[in-house]
Amino acid sequence: MKKSVTTVAIGAAALMAFQLSGCASSSDSNSASDSDSGNCVSGPIKIGLIPKLGTDPYMVTVKNAVEAAAAKDGSTVIYTSPSDATGAAQIPFVNQLISQGVNVIAISGSDLNSTSAALAKAKQAGIKVISWDSDVAPESRGFFLNQADTALIGDQMLTSLYNMIGGEGEFAILSSTQTAVNQNAWIASIKDKLAKDPKYAKMKLVTVAYGEEKADVNAQKAQELVQAYPQLKGIIVPAGIGLPAAAEALSQSGDLGRIKLSGLGPVTLVNQYIKTGNVQDVWWNVQNLGTLTFATAQQYAQCKIEPKQGTSYDVDGLGKFTVGENGTVLLGQPTIVTPENEKDFPF
Amino acid sequence: MLDALVSKFKTWEFVLLVLVVSMLLAASALVPGFTRPFSISTGIATFAPAALMALPLALLVIVRDIDISVASIAGLSSVAAGLAIQAGQPVWAVVTFALVTGLLCGAVNGFFVAVLGLPALLVTLGTLALFRGLCYVLLGGTPISPLPDFFTALGTDNIPGFVVPWAIVPFVVLAVVFGVVLHRSTVGRRIYAIGGNPETARYSGIHVARIRFLLFVVSGVVSALAGMINMGITSQVAPDGALGLELDVITVVFLAGVSVLGGKGRITGVVLASILILALRKSLQLLNVSGYTQGIAVGGVLIASLLVTNLSRQFFESRRERRPDPSVDAVHV
Numbered sequence: 001m002k003k004s005v006t007t008v009a010i011g012a013a014a015l016m017a018f019q020l021s022g023c024a025s026s027s028d029s030n031s032a033s034d035s036d037s038g039n040c041v042s043g044p045i046k047i048g049l050i051p052k053l054g055t056d057p058y059m060v061t062v063k064n065a066v067e068a069a070a071a072k073d074g075s076t077v078i079y080t081s082p083s084d085a086t087g088a089a090q091i092p093f094v095n096q097l098i099s100q101g102v103n104v105i106a107i108s109g110s111d112l113n114s115t116s117a118a119l120a121k122a123k124q125a126g127i128k129v130i131s132w133d134s135d136v137a138p139e140s141r142g143f144f145l146n147q148a149d150t151a152l153i154g155d156q157m158l159t160s161l162y163n164m165i166g167g168e169g170e171f172a173i174l175s176s177t178q179t180a181v182n183q184n185a186w187i188a189s190i191k192d193k194l195a196k197d198p199k200y201a202k203m204k205l206v207t208v209a210y211g212e213e214k215a216d217v218n219a220q221k222a223q224e225l226v227q228a229y230p231q232l233k234g235i236i237v238p239a240g241i242g243l244p245a246a247a248e249a250l251s252q253s254g255d256l257g258r259i260k261l262s263g264l265g266p267v268t269l270v271n272q273y274i275k276t277g278n279v280q281d282v283w284w285n286v287q288n289l290g291t292l293t294f295a296t297a298q299q300y301a302q303c304k305i306e307p308k309q310g311t312s313y314d315v316d317g318l319g320k321f322t323v324g325e326n327g328t329v330l331l332g333q334p335t336i337v338t339p340e341n342e343k344d345f346p347f
Numbered sequence: 001m002l003d004a005l006v007s008k009f010k011t012w013e014f015v016l017l018v019l020v021v022s023m024l025l026a027a028s029a030l031v032p033g034f035t036r037p038f039s040i041s042t043g044i045a046t047f048a049p050a051a052l053m054a055l056p057l058a059l060l061v062i063v064r065d066i067d068i069s070v071a072s073i074a075g076l077s078s079v080a081a082g083l084a085i086q087a088g089q090p091v092w093a094v095v096t097f098a099l100v101t102g103l104l105c106g107a108v109n110g111f112f113v114a115v116l117g118l119p120a121l122l123v124t125l126g127t128l129a130l131f132r133g134l135c136y137v138l139l140g141g142t143p144i145s146p147l148p149d150f151f152t153a154l155g156t157d158n159i160p161g162f163v164v165p166w167a168i169v170p171f172v173v174l175a176v177v178f179g180v181v182l183h184r185s186t187v188g189r190r191i192y193a194i195g196g197n198p199e200t201a202r203y204s205g206i207h208v209a210r211i212r213f214l215l216f217v218v219s220g221v222v223s224a225l226a227g228m229i230n231m232g233i234t235s236q237v238a239p240d241g242a243l244g245l246e247l248d249v250i251t252v253v254f255l256a257g258v259s260v261l262g263g264k265g266r267i268t269g270v271v272l273a274s275i276l277i278l279a280l281r282k283s284l285q286l287l288n289v290s291g292y293t294q295g296i297a298v299g300g301v302l303i304a305s306l307l308v309t310n311l312s313r314q315f316f317e318s319r320r321e322r323r324p325d326p327s328v329d330a331v332h333v
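Protein chains in written order, with the numbering used here: chain A, 1 to 347; chain B, 1 to 333.
Keep in mind the hints are simulated off the structure, nothing from the lab.
Treat the hints with caution; some may be incorrect.
Every beta carbon over 10 angstroms from chain B, so not counted as near; a handful from chain A, in silico [claimed, not checked]:
(1) 208
(2) 229
(3) 240
(4) 307
(5) 311
(6) 317
Some chain B residues near chain A, calculated using beta-carbon distances under 10 angstroms [unchecked claim]:
(7) 32
(8) 200
(9) 234
DEER-style ranges, computed between Cβ atoms [claimed, not checked]:
(10) 308/B <-> 308/A: 32 to 42 angstroms
(11) 126/A <-> 287/B: 17 to 27 angstroms
(12) 179/A <-> 292/B: 22 to 32 angstroms
(13) 260/B <-> 71/A: 24 to 34 angstroms
(14) 223/A <-> 30/B: 51 to 61 angstroms
(15) 295/B <-> 71/A: 48 to 58 angstroms
(16) 308/A <-> 160/B: 27 to 37 angstroms
(17) 188/A <-> 260/B: 51 to 61 angstroms
(18) 133/B <-> 152/A: 29 to 39 angstroms
(19) 247/B <-> 179/A: 26 to 36 angstroms
(20) 133/B <-> 215/A: 23 to 33 angstroms
Since the model is a prediction, treat every value here as computed from it, not as a measurement.
All C-beta atoms in this analysis are idealised placements derived from N, C-alpha and C, irrespective of residue type, glycine included.
Modelling step: build the complete structure from the supplied sequences, incorporating the hints.
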């Protein structure tokens with residue numbers, strides 16, 4: 001019994017020492033945060049980047065672009081690396097960046113709310129917060145750098161297929177799942193265009209199939225569509241897993257060419273088919289998102305811009321951007337990737 | 001006197017204490033920002049749910065059981081709390097509803113393990129998936145927020161005037177309660193007796209099944225409490241609440257010196273092991289080590305502590321065999 005009491009006492013003493021050492025250093029950390037809070041940075045900034053997942057190639061592409069932009073004026077980038085794509089897993093990384101006294105935290109939110117308490121503490125410490133790729137709660141951040149307006153993606157996929165099949169004939173859609181929110185919004189806007197825009201009067205949507213986010217199901221469904229509809233001239237595949245799978249399957253069966261494919265997904269996964277001219281991809285330049293993120297962070301930290309609607313600012317190499325509703329800045333219209341511009345998309 | 005001192009040096013708690021002190025000193029010296037009040041309070045708050053769940057788990061492991069579904073129970077209880085919040089219930093009702101949910105989850109585990117006699121590891125592996133699945137079924141993909149101020153304060157605020165967050169208070173209180181129960185009460189002695197030899201315990205008139213069942217229920221209730229702290233930290237109720245916390249919880253328990261073979265382990269060890277893992281996590285975090293590598297580090301500590309506690313047991317047992325005089329060695333057992 002005595003033994004345990006002594007150990008508890010020593011343990012408590014150790015805890016106290018831990019606390020005391022914390023108190024002792026509190027004065028210098030306070031002064032550090034004082035100098036940060038409300039002050040505008042002049043010159044290089046210190047930016048902390050929080051992705052959804054540290055190893056996600058999309059996120060790493062953005063990181064590389066941010067680092068390239070930061071290197072120009074000697075700014076520091078701290079790229080953190082959560083291993084779970086949950087908002088909760090991002091909290092320790094927000095706290096870490098607050099302790100490290102960064103000027104800006106740029107986060108791709110795994111969910112809207114998990115980090116809000118931590119981001120509020122960042123704000124209190126005088127740190128500017130922006131979100132990119134995927135938004136956090138609007139009151140938690142200043143700017144949101146949105147890579148693509150979802151409404152435009154559907155239109156661009158339809159335009160792309162229109163160009164490839166010469167504006168007339170039957171086509172199908174091979175979507176991801178029946179409940180996929182983004183995909184259903186794009187399909188709705190495609191149907192809307194077909195019904196209202198006379199330009200598409202000669203194009204006929206025959207069916208919508210679902211590839212269930214699995215490569216093998218997508219491959220099988222693509223071949224079934226080709227057999228079921230002998231007059232089929234094209235398929236729109238609005239999913240990153242489906243497009244390469246469908247292209248591969250139709251290429252092997254020899255149907256690709258007679259059947260054209262349009263869709264959405266990382267260019268690197270389909271560029272071999274884009275080069276043949278039988279596949280086009282609606283995508284955006286992921287590097288540019290990194291460039292925009294750093295430029296916005298820099299000018300925000302230097303107090304040159306505020307997240308107010310109508311504010312506009314220049315980004316080196318990308319031109320002029322204007323802040324929309326709720327501090328949202330749109331990267332631009334999604335691009336149709338063709339054999340001509342395929343080289344501009346490293347992701 | 002000297003023997004007593006020597007025996008103290010041989011306890012695992014003492015080794016842990018040395019590790020904790022050296023870890024804290026090293027981290028204070030080498031990790032920039034480690035001693036900042038902000039780092040300390042956020043580090044403690046983030047780790048609080050895991051530390052809390054380690055207390056009842058230690059007791060379960062002492063009676064040769066285990067509960068790996070703790071994080072799922074925490075998640076399901078917070079989903080229950082969230083549904084109560086959505087229904088406009090007051091805070092006391094929300095808390096009660098969550099605790100009752102935790103209690104029922106624990107009772108499910110306890111029923112299958114203690115009453116039906118199924119292996120605890122497999123039963124709780126099943127309920128780990130089952131309870132987590134229920135989180136998604138009940139809540140769908142949309143998290144519930146905002147939460148009543150009570151929960152956000154519990155998860156994110158410090159006790160006014162201190163570097164200590166509210167989130168750790170339940171752990172501190174329950175550590176004392178669990179310590180007293182385990183080391184000073186009849187129930188505590190029975191728990192050790194069951195762990196030491198369940199058959200003997202049963203023949204000495206201990207209600208083995210009842211105690212094991214109750215320990216699962218306690219584990220469920222405490223996990224519910226951890227779930228509520230976690231929802232405060234994350235400012236929302238999400239189906240993935242507390243997901244994956246069981247790694248830290250189980251690591252704390254085995255690092256604490258609680259033996260897989262039962263009958264061994266102390267609450268002091270759990271407290272020290274919590275501080276150690278907390279300091280390790282926070283140091284790695286401040287050194288900008290990725291979540292993946294943190295997983296490697298904590299997993300490594302788990303394996304290492306199993307190895308060390310097992311080897312030291314073998315070492316001491318072989319020494320006992322060589323030395324026939326039991327009075328010399330009995331001290332450290």
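Now for the hints, and whether the structure bears them out:
Listed as a non-interface residue, residue 208/A keeps its Cβ farther than 10 angstroms from every Cβ of chain B; the least gap is roughly 22 angstroms. With a least beta-carbon separation of about 34 angstroms from chain B, residue 229/A lies farther than 10 angstroms from that chain, consistent with its non-interface assignment. Distance check for residue 240/A against chain B: the nearest CB is about 19 angstroms away, which clears 10 angstroms, and the non-interface claim stands. Against chain B, the non-interface label of residue 307/A holds: every CB pair exceeds 10 angstroms, the least being about 21 angstroms.
The beta carbon of residue 311/A is kept farther than 10 angstroms from every beta carbon of chain B, the shortest such distance being approximately 28 angstroms. In this structure residue 317/A is separated from chain B by more than 10 angstroms, as the shortest Cβ-Cβ distance comes to about 29 angstroms. Checking residue 32/B against chain A: minimum C-beta separation of about 8 angstroms stays under 10 angstroms; hint holds. At about 23 angstroms, the closest approach between the beta carbon of residue 200/B and any beta carbon in chain A exceeds 10 angstroms, and the interface hint on this residue is violated.
Hint status for residue 234/B: holds, given a least beta-carbon distance of 4 angstroms to chain A, under 10 angstroms. For residue 308/B paired with residue 308/A, a C-beta distance near 59 angstroms fails the hint of 32 to 42 angstroms. Against the hinted window of 17 to 27 angstroms, the Cβ-Cβ separation of residue 126/A and residue 287/B comes to about 23 angstroms, which satisfies the hint. Judged by the Cβ atoms, the range 22 to 32 angstroms given for residue 179/A and residue 292/B holds: they are separated by roughly 31 angstroms.
The hinted range of 24 to 34 angstroms is not satisfied by residue 260/B and residue 71/A, whose Cβ atoms lie roughly 51 angstroms apart. Taking the beta carbon of each, residue 223/A and residue 30/B are about 60 angstroms apart, inside 51 to 61 angstroms as hinted. A beta carbon spacing of about 31 angstroms between residue 295/B and residue 71/A contradicts the range 48 to 58 angstroms that was offered as a hint. A C-beta distance of roughly 35 angstroms is found between residue 308/A and residue 160/B, which places it inside the suggested range of 27 to 37 angstroms.
Taking 51 to 61 angstroms as the suggested C-beta distance range, the pair residue 188/A and residue 260/B conforms, at roughly 56 angstroms. Between residue 133/B and residue 152/A the Cβ separation comes to about 37 angstroms, which falls inside the hinted range of 29 to 39 angstroms. Separation of residue 247/B from residue 179/A is about 31 angstroms and conforms to the stated range, judged on CB atoms against 26 to 36 angstroms. Residue 133/B and residue 215/A have their C-beta atoms about 25 angstroms apart, which keeps the hinted 23 to 33 angstroms range intact.
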